[in-house]
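*Asks:* Okay, here's what each chain looks like letter by letter:
Protein chains: 2
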Amino acid sequence: MSDDSNRLTQEGISLPDEYLNHTIITMTGHESVRRFESTPVPEPMLKAILTSARSAPTSSNLQAFSIIVIDDPATKARLAKLAGDQGLIVDAPCFFVFCADIHRLQYLAERQGREFGAHTLEMFLLATVDATLAMQNTLVAAESYGLATTPIGSVRDYPNAIAEELDLPHGVYAVAGLCIGYEKSDERRGTKPRLPEHVTVHRNRYSTETREQGIRDYDTTMIDRGTYRGRQVTVPGETAMSERDYAWAEHTSLRCSDPDVIGGHPLLGRRDLRRELDERGFSFD
Amino acid sequence: MSDDSNRLTQEGISLPDEYLNHTIITMTGHESVRRFESTPVPEPMLKAILTSARSAPTSSNLQAFSIIVIDDPATKARLAKLAGDQGLIVDAPCFFVFCADIHRLQYLAERQGREFGAHTLEMFLLATVDATLAMQNTLVAAESYGLATTPIGSVRDYPNAIAEELDLPHGVYAVAGLCIGYEKSDERRGTKPRLPEHVTVHRNRYSTETREQGIRDYDTTMIDRGTYRGRQVTVPGETAMSERDYAWAEHTSLRCSDPDVIGGHPLLGRRDLRRELDERGFSFD
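Residue numbers (our numbering), protein chains in the order written: chain H, 1 to 285; chain S, 1 to 285.
No lab work stands behind these hints: they were computed from the structure.
Being a predicted model, the structure only gives us computed values, none of them experimental.
One thing to keep in mind: the hints can contain errors.
Since the list gives no way to pick out one identical chain from another, each pair is judged satisfied if it fits inside one copy or across any two copies.
[Said to hold, decoys possible] Here are the simulated DMTMM-like pairs of lysine to aspartate or glutamate, each with C-alpha atoms no more than 25 Å apart in a straight line:
#1 81 with 11
#2 47 with 18
#3 81 with 187
#4 47 with 4
#5 47 with 197
#6 81 with 209
#7 76 with 197
#8 81 with 165
#9 47 with 209
#10 47 with 3
#11 76 with 209
#12 47 with 217
#13 192 with 279
#14 47 with 11
#15 76 with 115
#16 76 with 4
#17 184 with 18
#18 192 with 245
Extracted from the complex, chain H is given alone in its bound form:
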């Protein structure tokens, strides 16, 4: 039985003590938690978390992001409905929504008497990256206090409805959400294993040499851990893979299949995203 309390012990990586600082231990111990206590996040923690979020790098200091901190129960309940009916958004005392924000830059252009000339894919990308960097600092800061977090990608299910709920102006869209709070005491399941380092990390150039072996090893790990037990995705009219063999490779390939084939799986059912983000004021040219 591996020690899943963090990824270093899970993978049997033994580092000299001087390399095991609080930050590394926090990050390698990350896991998503599904159930929260209602206990609020203390104000000084919130302040430090937000200051950490704002300290993330931002491309050319454009600061093309906004963070919406939501603790109003009614707002959380409506957002939960819009984001895949996820009750944990209601339960978590704090729900952060990280937005790509080019509205502020458009305001600046107007304020300075110029024409905003950045309706481009690059600007969409830059703002999305800025929001994501701020989100990761938020997650790490929260977990440094022993708080639990859960990233919520499904705020992208209905971008316009989310925008309406949060008064997001034209030029702002929700990239991702993050639940923050104290988890229920029985909630830690241990760090979820990742693909072996040699599959996702490459030296000097991209290589697929050990990929197949890495995927096999990973599937074995996930089967041993029972990660997909009871979570098998099935295709109507197709014989399902035996539960013994079903793991990351099959699960992931199904999640990346045509949603019409597997019955509109939400992950890839975001077919309207392009149209909705066009309407939110982003360009992809």
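Place chain S on chain H using the hints.
*Replies:* Okay, now just chain S, sitting in the frame of chain H:
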């Protein structure tokens, strides 16, 4: 004179000692550094940094990212040329390139005998976010050891040329780079101030109520600090703003202007990005 060693002291935020942990101090102390010593990054640090990177959250556990760790001097030199001729990529002992990677997912689909059905904007976005989350953990892990970092967005200047240099297959593009190493001893200038919290952080719904005041205050801070001294962007045929008034608002509005107007400023000169990313195998529909 404010204490710019981290954002908490810079903004006069005083937290009870128990909230000042190593992780918060690391993140609020982030600054980009421009000059590096050639001293290599010790192997145990690199291991911990990579393990932290791989511990970032990933949407639906798709792990749609790859990290290329580059220490080969010749490769770094060629990448530096392609990424805005930035010498710091040559100087830094380690250059990480964070890639959105749907190539691995396409391989999985094929391996499992399915058709990859995720040529969508959502998949482009998901993979970009995955790569960005891994990048931010890398940055924080490196800085937790006192290493310096510099994010490099200009790997997006020539996506296909970068891909060729790094053997990136179809379905992989470089979102951002990160220089890592020990900075030259005279290189710390202090944390760069950010917009006030009330401008970028909103409670329960988006608000622009205090934005204008926040931008004015920020401009004052940046003028006092001399951040834009000697860095003024000028528009041919237009009288430049007096150096005394030139700060974030004007600088940023210029950077977001039509690049043809201000002479092809690189930030927004990435006019070919869409075409190049189409060629790299990403979809925006």
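*Asks:* Please go over all the hints and tell whether each is borne out by the structure.
*Replies:* Results of checking the hints against the structure:
In this homomeric assembly, residue 81 and residue 11 never come within 25 Å of each other (Cα to Cα): the closest approach is 38 Å inside a single copy and 37 Å across copies. Taking the shortest alpha-carbon separations for residue 47 and residue 18, only the inter-copy value of 13 Å comes in at or below 25 Å, while the best intra-copy value is 29 Å. Taking CA atoms no more than 25 Å apart as the test, residue 81 paired with residue 187 passes inside one copy only; the shortest distance there is 23 Å, against 49 Å between copies. Taking the shortest alpha-carbon separations for residue 47 and residue 4, only the inter-copy value of 18 Å comes in at or below 25 Å, while the best intra-copy value is 30 Å.
For the identical chains of this complex, residue 47 and residue 197 are inter-copy neighbours only, at 10 Å across copies versus 35 Å inside a copy, given an alpha-carbon limit of 25 Å. In this assembly of identical chains, residue 81 and residue 209 lie within 25 Å of each other by CA distance neither inside one copy nor across copies; the values are 44 Å within and 28 Å between. In the homo-oligomer, the alpha carbons of residue 76 and residue 197 lie at most 25 Å apart only across protomers (22 Å), although the nearest pairing inside one protomer, at 37 Å, exceeds that limit. Within a single copy, residue 81 and residue 165 get their C-alpha atoms as close as 11 Å, which meets the 25 Å cut-off; across copies the closest is 46 Å, which misses it.
Taking CA atoms no more than 25 Å apart as the test, residue 47 paired with residue 209 passes between copies only; the shortest distance there is 21 Å, against 46 Å inside one copy. Taking identical chains as interchangeable, the C-alpha atoms of residue 47 and residue 3 lie at most 25 Å apart only when they sit on different chains, with a minimum of 18 Å there against 33 Å within one chain. Proximity of residue 76 and residue 209 under a CA criterion of 25 Å is satisfied inter-copy only: 22 Å between copies versus 46 Å inside one chain copy. In the homo-oligomer, the alpha carbons of residue 47 and residue 217 lie at most 25 Å apart only across protomers (20 Å), although the nearest pairing inside one protomer, at 42 Å, exceeds that limit.
Taking identical chains as interchangeable, the C-alpha atoms of residue 192 and residue 279 are never at most 25 Å apart, the minima being 37 Å within one chain and 34 Å between chains. Taking the shortest alpha-carbon separations for residue 47 and residue 11, only the inter-copy value of 12 Å comes in at or below 25 Å, while the best intra-copy value is 34 Å. For the homomeric pair residue 76 and residue 115, neither the shortest alpha-carbon distance inside one copy (37 Å) nor that between copies (37 Å) is at most 25 Å. For the homomeric pair residue 76 and residue 4, neither the shortest alpha-carbon distance inside one copy (32 Å) nor that between copies (36 Å) is at most 25 Å.
Proximity of residue 184 and residue 18 under a CA criterion of 25 Å is satisfied inter-copy only: 23 Å between copies versus 32 Å inside one chain copy. Taking identical chains as interchangeable, the C-alpha atoms of residue 192 and residue 245 lie at most 25 Å apart only when both belong to the same chain, with a minimum of 18 Å there against 52 Å between chains.
Consistency with the previously given hints fails for numbers 1, 6, 13, 15 and 16, ordered from lowest to highest.
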